[in-house]
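Visitor: Given chain L, put chain A in place with the hints provided.
Quick note, the sequences are listed as chains L and A, same order. Using numbering that gives the first Met the number 0, read the first sequence as starting at 0 and increasing by one per residue. Using numbering that gives the first Met the number 0, read the second sequence as starting at 0 and increasing by one per residue.
Careful: at least some of the hints might be erroneous.
In silico contact screen, one side only, chain L against chain A (beta carbon under 10 Å); selected entries [to be verified]:
id	residue
1	F36
2	G56
3	V109
4	Y126
5	N185
6	I188
7	I190
8	L193
9	V196
10	E244
11	T279
12	V281
13	S286
In silico BS3-like links for lysine-lysine, alpha-carbon gap of 27 Å or less [said to hold, decoys possible]:
id	chain 1	residue 1	chain 2	residue 2
14	A	K229	A	K67
15	A	K220	A	K67
16	L	K82	L	K245
17	A	K220	A	K61
18	L	K245	A	K52
19	A	K60	A	K229
20	L	K165	A	K229
21	A	K44	A	K229
22	L	K150	A	K52
23	L	K112	A	K280
24	L	K112	A	K7
25	A	K44	L	K165
26	A	K220	L	K245
27	A	K229	L	K245
28	A	K61	A	K216
Keep in mind that the hints were calculated from the coordinates and are not lab data. Beta carbons are placed, not taken as given, at the ideal position from N, Cα and C, and that holds for glycine.
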Amino acid sequence: MKTQLAAMNVKMHGRTIKRDLSLYIMSVPFILAYILFAYKPLTGLIIAFKEYNLFEGTYSSPWVGLDNFRAFLGGPYFSRTFKNTLILGALGILFGFPAPILLALMINEVRVKWFQRTVQSITFMPYFVSTVVVAGIVVNILSPSTGVVNKILGLFGAEPIYFMTKPEWFRTIYIASGIWQFSGYNAIIYIAALSAVDVQLYEACIIDGGNKFKQIIHVTIPGILPTIIIMFIMDIGNIINVGYEKIILLYQPATYETADILSTYMFRSGIQDGEYGVATAVGLFNSAVSLLMVTATNMLCRKLNNTSLW
Amino acid sequence: MKISKGEKAFYCVNGFLLILFALLCLCPLVYVASASLSSAEAVMKGEVFLLPKGFNLGAYKKVFEDSKIWIAYANTVYYTIFGTLAQLFITCCGAYPLSKPYFKGRKWLNIFVVITIWFSGGMIPTYLNFVELGLVNTRAGLIWGFVCQGTSVVIMRTFFEGLPMELEEAAVVDGATHVQIFSKIYLPLSVASFATLGLMFAVGRWNGYLWSMILFKEDSKMPLQVLLKKLVVDTTVGSASGDKMTDTIKDYSDDMLIYATMIVSMIPMLVCYPFLQKYFKKGMVIGAVKG
Chain L
0 MKTQLAAMNV KMHGRTIKRD LSLYIMSVPF ILAYILFAYK PLTGLIIAFK
50 EYNLFEGTYS SPWVGLDNFR AFLGGPYFSR TFKNTLILGA LGILFGFPAP
100 ILLALMINEV RVKWFQRTVQ SITFMPYFVS TVVVAGIVVN ILSPSTGVVN
150 KILGLFGAEP IYFMTKPEWF RTIYIASGIW QFSGYNAIIY IAALSAVDVQ
200 LYEACIIDGG NKFKQIIHVT IPGILPTIII MFIMDIGNII NVGYEKIILL
250 YQPATYETAD ILSTYMFRSG IQDGEYGVAT AVGLFNSAVS LLMVTATNML
300 CRKLNNTSLW
Chain A
0 MKISKGEKAF YCVNGFLLIL FALLCLCPLV YVASASLSSA EAVMKGEVFL
50 LPKGFNLGAY KKVFEDSKIW IAYANTVYYT IFGTLAQLFI TCCGAYPLSK
100 PYFKGRKWLN IFVVITIWFS GGMIPTYLNF VELGLVNTRA GLIWGFVCQG
150 TSVVIMRTFF EGLPMELEEA AVVDGATHVQ IFSKIYLPLS VASFATLGLM
200 FAVGRWNGYL WSMILFKEDS KMPLQVLLKK LVVDTTVGSA SGDKMTDTIK
250 DYSDDMLIYA TMIVSMIPML VCYPFLQKYF KKGMVIGAVK G
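Excised from the complex, chain L in its bound form (with noise of 0.2 Å):
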């Protein structure tokens, strides 16, 4: 059958090379394509290396060896903007990932179907909410004087806070709005491999007389723990790549304490104060930090559990 196929390809490949051009013909849009937009901005990374000039553009401006990267390492944004960038990335690994698995493993224990599926339509609705949307409905709520979160303390006879130019405020905005944008949409990879998981396993571990939480424990995590590594992985290498399109509509001057991090740092000096050397710099290195994060995770899940993403 596969010599049979084989000698078909060969028969049509010799046939109709005419034909075939048409397949060339059509991969030149999609070439074309990536290399101005995927390839050329790719090239443009030399610009962290360069004293930018508009007029010059990108292959021609001049070199300034490391000077981008002495900029923005020496100036004072630094360390505050790593510091926070590694914060908010870690408490969004520490709440923000168990968060789906958790609800993974309540929606699977539900036995009515259509309280199951309600549950899961409902809690996946706010990732089809815009960024723009989540922060406006947070600062509108969080309002001193007419948000619903501030009447509800009032009730208590508290003093209206102001949530949005807390500086200590922010890392909880940021992680518990990430939280109820994000828990039902990553949920659903985790519910997909709960229902792959063996029933028979299950039947032997009540025979064995184990109740639901060793349920839990010793057949359904153990039988998810491969998804749990390779999604830990990849979310480890994004600790860095924190999501700044939510930071940029919810921070102020006031806040930037706590919540300024390197890729909001690099798109103010770069897109706004046109520094675009120290800000294709300060992406360059979020970029080498996430790569050496990666590979360690890697590495670490590879020995200790031998699940690995390569």
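Guide: Structure of chain A alone, referenced to chain L:
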């Protein structure tokens, strides 16, 4: 099978916590909807929680009278439709040849795609690329500049590879060209995966604000999300206290105008929700298996 007392308690607590979390997910959205439909006074005093109080469509009237919002809405629809089509077109142009075992240079083209999944230029080089190509402040820039997404090419290619080769062979015997094979055989057979990827692209484009904000200089080209961002963030966070002036003579407040605009911006999403849910789940599982 008999359910023990302990298990019964477990199911009850579990169900209760899930209801709580589901309500938490739903409440903010319900609040926005009811506040946009209430009287300005009730919203100001904070009397609205989950049901509208003093039913009033004043904010929506204002939204629908505002030509700025209509323009922004039309822009968003335009960018979403053409952006999604452009992205699907480019993805197919790569995925179809890549799925053919006899396509010469397939291996290289594959590497060419996979590299872009792992490495990207990042914000500043991407922006400067737009500047150097003269695509800043152009609609074409937003539509074509973000068509490259390696993962979706891999997903699409895998799907095409799964279609039986005999179909193509039969068509070749009948003298079909590649364009005919693609449009008459592959396209109808892959409606589901087109819907999955297309919806993912569309939601991303509908909800995105950052690049439209960076690339466009004129209000007439801004999509709805940027307009919303201006309404929400620049008026609220901008003033240091987070406090707002509210005109009491109107039958709507600035807050309510924001709420109503938010709801209007979410309507297509809510209408399509059943499809979105179905196809996104599918896409998420395929993506995870492949990636």
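Visitor: Close enough to count: is the Cβ of L:Y126 nearer than 10 Å to one in chain A?
Guide: Holds, because the Cβ-Cβ distance from L:Y126 to chain A comes to roughly 8 Å (cut-off 10 Å).
Visitor: Grab the minimum C-beta distance from L:G56 to chain A and call the hint holds if it beats 10 Å, violated otherwise.
Guide: Cβ of L:G56 sits 6 Å from chain A, so the hint holds.
Visitor: Given the hint that A:K220 pairs with A:K67, does the C-alpha gap stay at or below 27 Å?
Guide: 10 Å, holds
Visitor: Given the hint that L:K150 pairs with A:K52, test it: the Cα-Cα distance must not exceed 27 Å.
Guide: 16 Å, holds
Visitor: Holds or violated: L:K112 with A:K7, Cα cutoff 27 Å?
Guide: Within the cut-off at roughly 17 Å; holds.
Visitor: Restraint: L:L193 near chain A, CB-CB cut 10 Å. Satisfied or not?
Guide: Given a least distance of 12 Å, the restraint on L:L193 is violated.
Visitor: Can the hint on L:V196 be confirmed by a CB-to-CB distance to chain A that is less than 10 Å?
Guide: Violated. Min distance 15 Å.
Visitor: Does the closest beta carbon of chain A sit nearer than 10 Å to the beta carbon of L:V109?
Guide: 7 Å, holds
Visitor: When you check the alpha-carbon spacing of A:K220 and A:K61, does it fall within 27 Å?
Guide: 21 Å, holds
Visitor: Would the hint on L:S286 stand, with a C-beta cut-off of 10 Å toward chain A?
Guide: 7 Å, holds
Visitor: With 10 Å as the cut and Cβ atoms as the points, is L:I190 at the interface with chain A?
Guide: 9 Å, holds
Visitor: With a cut-off of 27 Å on the C-alpha distance, tell me whether L:K112 and A:K280 pass.
Guide: 17 Å, holds
In summary, the structure is inconsistent with hints 8, 9, 18 from the numbered list given earlier, while agreeing with the others.
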